[in-house]
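With the hints as your guide, set chain B onto chain A.
Listed below are the residues making up each chain.
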Amino acid sequence: MAKKTQEFVHESLQDKDAIASYLKAVMRGFKKGEIVLSDDEDELTLTPETLAQLKIKATQGKKSQSLTIKLSWSSSDTDSEFDETPLFIDAQKAD
Amino acid sequence: MNTPAELFDSLRFLIIEVHKQLQAVESFLETGERAQAEKSLGRVDYIDNYQLSLLNRSTEYLVNQPLYSENGESQILVQSYQHLAHSLKELSRQLETVAYQAMNLSSLKLIQKPNLFKALDTLRSGLELIEPAMLLDTSQAAVDICRLQLRISKLCQEQLEKYQLRLKRGQQTKALMDASFIIKDINQLGEALLRIGESILSANLGQSIKLERYHSLTETVSALDLDPNAPHFSITSVAETKSGCTISGVSSSNDPTDDELLAIFKEGKKQKLLEEKKGIESWNKKFPGIAPKVYSYHKSGNKAALLYEYVTGETFDQFISNLDRTNLEAGLNKLFSLLLEIWDETQIKDRHSADFMGQLYKRLNDVYRVHPDFDLSGFKVGDVEQVSLESLIKKAAKLEARLKPPKSVYIHGDFNIDNIIYDPLEKQISFIDLHRSEYSDYVQDLSVFMVSNFRMVNFDPDVRKLIALSMQGIYEFGERYAQQVGDETYHLRMALGLARSFLSSTRFVLDTDHAKAMHYRGRYLLQQVIKLKPKQYETYRISKEIFRE
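Protein chains in written order, with the working numbering: chain A, 1 to 95; chain B, 1 to 549.
Bear in mind the hints are in silico, worked out from the structure with no lab data behind them.
Hints may contain errors.
From the structure, some residues in chain A lie toward chain B, with a derived Cβ separation under 10 Å [unchecked claim]:
1. Gln53
2. Ala58
3. Ala91
The list that follows gives simulated cross-link-like pairs (lysine to aspartate or glutamate, DMTMM-like), each with its CA atoms no further than 25 Å apart [said to hold, decoys possible]:
4. A:Lys93 <-> B:Asp423
5. B:Lys334 <-> A:Glu11
6. B:Lys118 <-> B:Asp178
7. B:Lys395 <-> B:Asp375
Covered stretches of chain B, as calculated for chain A (at least 3 residues, CB under 8 Å) [claimed, not checked]:
8. 326–332
9. 454–466
10. 537–546
Built from N, CA and C at the ideal position, the CB exists for glycine as well.
Looking at chain B on its own, in the form it has when it is part of the complex:
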């Protein structure tokens, strides 16, 4: 990891002081000389000072860095130093507790055990490894530090079991209890060491990482014949998904300007990732090449990691933000041809309703948690009444029950603007994030796609206009398809689908005005469709004014 002198030197002083404290504690436990215990306690003030000084310097360091430096690298580096400072302070505090407790023992005999001294030795090796681990290009030493925690924990466990055996025999109960507490504190020292190792790993890999995660990364990238300990291996954080997965790009180059990513590494709950893996496989079976290749999948407990092909190209929100009308048009045309092919080849007779109102109802509480203002009862001015959202949804649900799509097709299931990638050079569309694919109403995918356009957090007037044109293009494409297949209720289902997405996705929108704009549009659409008379169903059209903000 990077070791700028102003931070590294402070850290070294801190390590040296903790080292001295540890030595004094060890020596007190061995000899019983109280002077050694006092000496260990005397280091605490120095340690406090060095910790403070490191924290101050790390703040200064960050302030002096050029703003928006590459990938927030300095932030991560400084965070790693701050974590190291905290963990070392934590170690010192635990050592202090051990010393105090041991001073109160009437005899040190019970704790003068080989397991305890081995555990403290292990801790010392860990402290000695910090500097080399920080200076090395590879992460091996950092992983070694993490591993020492396991050894300390094992030694402490063995010793505790010995005490428990004796406790059962009813001898020296109080003394054994006291000794057990000290062993437990020593076990805590190991935890602090683990966090130290993890901080160094995070700094090396350029993002916050837990050892557990490092292992799943190691296991999955071996499928690429890469060694995560190789000096040129790097991963960069790409995104955090709403489903709580972290996504990283894996590259064999540590040059941040070189965006040659080799693969995407996604880690999170096993259930989600297993669904995603199945989704990718089922899409690739139906339409080879449409979804990224899965290189490897690794599970451990309830977590899992997935390594898959990095798809080249850009998501549609990038074309819109860049006001790149040419590629937006080309990409949409390519996407629509592909959708026509998918819908044609995967259609089944089963008329599976998207149940937009059911989906919306389930998410209402999440919306209200973010926007309590939206949770309103009905409103009346004189004899003009606006009913509550809940009653609107109930009425709309009754209508929806009568509007089944003419057939079902295989849909993406989470057709957000950033889950569709278009490569203008290869003229190729790819789908990502495929954990919700199923047979359903094609309007579900189109309406989600439209609202994810609107949801973009970009308020440049021209960008908003292009968003409106893009939404209109999607709406009209769906309309033409509906005409071809004789789908008479397309516009009504689209209104319900848009209402569902406008209303429910405000839970991801923190900008109040933007959230309001979406909420009002959703309500408006529901009000519109429920007041229609059956003879108006066929002629109803969605006003394109709602695409503009």
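Just chain A, with the same shape it has in the complex:
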């Protein structure tokens, strides 16, 4: 069975420069294929590959504005016993 879903949540007030550095950290993580998130107790490592689903949502209200960027991708379940080797294909033209 797959492991239970792990979750990491962070919320704070930041200035422009700090926000840009967070976004840059995510960018670097994406290029590297590894984004590590941690706090005092836990550590969570995400492993994005080449493709990810991107969802951008922006709202403008009277009191506030927001921008949500959601990135999601499928992950391979490392616990599975599934044989990941490619299928053996050696088809030749029949005589």
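For chain B alone, coordinates are given in the frame of chain A:
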């Protein structure tokens, strides 16, 4: 058909009441005694009650059946009882109308005609046949009930023509019009009788059936020397195709666990089936045994029926769902050897483009009808822009115009995963659903095959992994072939073919997440190929990540 007491008894009461109503109406029309008319109207409440009780009992019956009983047989049976109840109620309502209208006539003379009484007699014979038809093992009595409708209709027609002659002479215009309406109502009684017969036929044959269809079945199965009225004859619904054909398996055994099918019976639009018949014949001419044998073909109006050999084996989606890697590998290898042979022997110099973008463009509206969310205009964040799907397709079409395949081969044309059958015992591949075969780009068949793997509605993580491996196997097989024949634009055409199938086949996918996954992959591939520079054309490869979901 099956006659469980709780349903059959209710139905018998209903028939008896309709019978009484009919008798009273007949007697009123003969004698003009209003008491008889009142008596007929008095039956209506009883009939309502019995109809309701039958409907309630049929629901209860279904609830008490073990879940997922064999082939949904109880559902069909209960549906047949419900249809019977509705049709009998409909008959009763028509009889009520006839009685009311006749009561308003100043004289019954005009309708006291032999044709009318013969029509009502015919109806009574029909009502009397219902019980025996349900109890018999064969469908003959049910067909007889259906046939009585023709007789009623003929009698009514004759009578209407007589009235029309007199109307032309200008006599008793109003009275003749009133009488005509009554005859038309009696004609409607025949229609209700036809539906009763069809409900019994459906229950006997184990699937919903119209008399018209029963006839094409009878005509085609006679080629197998089978009698559809024989007690052991049965047909089971196999599938409904996207092109609107119904497919049934024909067997000489009525044991549902015995899957010895003798033939496949396919019925639908004449055009489609004629194309399929031609496709089968042309494949068998080129590669004997690759397509099922056609036993018989029968057409009637714009409909047709085709009876062909039942091919043993399994479709590739079954190997994947069962995580049967061994047979999937063996089957794919067998299929690929066969494709190499087909492509080699049927190749022609004509460089026929598959026109993937043209095919996609034609189907866009159908996609948007199912998924309105996909119909988006372009999108921009700052200076980063995502163009609309339509403009992507237009740009990709320009590229495609420059990418003709090096040659054309005879392709299946609808190379979906469930149209290819592999028999692991005989080690044999068969093709079915051959109505779109033509000379074209081999990438068309390969890309359709790959996306039909992805489209499978099975989200088990291991199944998805096997799907990805299967797609990768197909892609790489095509790549090796392309290298052998010096096809330099294989990967680009494959990207366009995959994009076309990913995007257009979402019209068959109702699961939103699954449809999105396909839609995004299609868009992604188009974006990729249109931003390539000509010098990158040869080195472009499709990321195998898109095969995973």
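message: Of all the hints numbered above, which does this structure not satisfy? Sort the numbers upward.
response: 5
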